[in-house]
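> Start from the sequences and build out the full structure, keeping to the hints where you can.
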Amino acid sequence: MRIDDSGVGGFFEDLPVMLFVLAGISSLIMTGVFASEEISRARENEELSFIAVHMVDGLVSHCRPVDGGLPTLGHIRQLNTTDICRSLASGRHFAAAMIMHHPGYELLCQGSDSVRGPACDAGSATRLLNALDENGVIAIVEARVVAW
Amino acid sequence: MVFFAIAMLVTNVCSSYFGQTSASGLDSPGIGRCDPGMILGVFLEASVGRSIVIPSSPEAELDAKDQVSDCLLVEMECIENGGDSLVFASLNQLFLGILLEICPPGMSPLLVSYSVARLIDQPVLIVSDPTWTTYERMDVRAASATMSSSEQHVYLVVLKLAPATLPELIDI
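Each protein sequence line maps, in turn, to chains A and B.
The numbering used here puts the first sequence at residues -12 to 135.
The numbering used here puts the second sequence at residues 284 to 455.
To be clear, the hints were calculated from the coordinates, so they are not data collected in a lab.
If you want the footprint, here are the derived chain A segments under chain B, 3+ residues with CB under 8 Å:
{"#": "1", "stretch": "0 to 10"}
{"#": "2", "stretch": "14 to 21"}
{"#": "3", "stretch": "81 to 90"}
{"#": "4", "stretch": "109 to 121"}
{"#": "5", "stretch": "125 to 135"}
Predicted model, so just to flag it, every value in this text is computed and none were measured.
For every residue, glycine included, the Cβ atom is placed at its ideal position computed from N, Cα and C.
Here is the structure:
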């Protein structure tokens, strides 16, 4: 009786080809998943940066007096940054601060709507502005917002 | 084999592209949010913050309320009229301190001013961070402003910002 082993041999001859095809398909799928995640993360960061810029611009416009002159440090200290930023945050979490850098360092005011900081993706924006202190010295103040 | 090679090629190209784009964002902290025009504007409008005595002849005293732009004009006028630039060392140090305070972390400032009436390659005043390197850099951002003195001299003030160089690499 003859043993027909040609079918078994054919199967094992095709295995390396099948492995190469499967490896190629899996690498393409993994690349696609990786690329789509990177693109969605970039879009998310772009949107967060846009919201942060919107919030910091709103914060600076609240600092400026209506007559167009320089804001005072006393006015900036009394700003409610949490309420101002909440109205502009589009449902995102945020942390905002106004910091004087010159002639001395001082945290003028700060606010946040969350006790936790950003987990991974976040957008930030800063603006510099001049402000008058009580002695008539023109200080440099930074408005800083982080959104997540 | 051909299919596998093409798949690997596509994978490598995509991975390197997205790896580069994500790494470039991490390697340049502060670049995206530094605006030299905004920094130069608030710097020139700010007060110097403390009184400084300039040991020139005659001796001059600058008040804490005096604006940086006015002090810069006094200094440039004095140098243009043949005065000694070394007497303004403490004032320049104060300017550098203010710039370092308001620049984004990891950025190095360079303030250069030119007289518009003179050759543009002969700056009147240079205030620079010690970590600023003099070779040509591709990653420099700059902004400028013009100022006029009472003697109708026009000066161009340029602020350049670049990622700070590590101190140990300056001498290389």
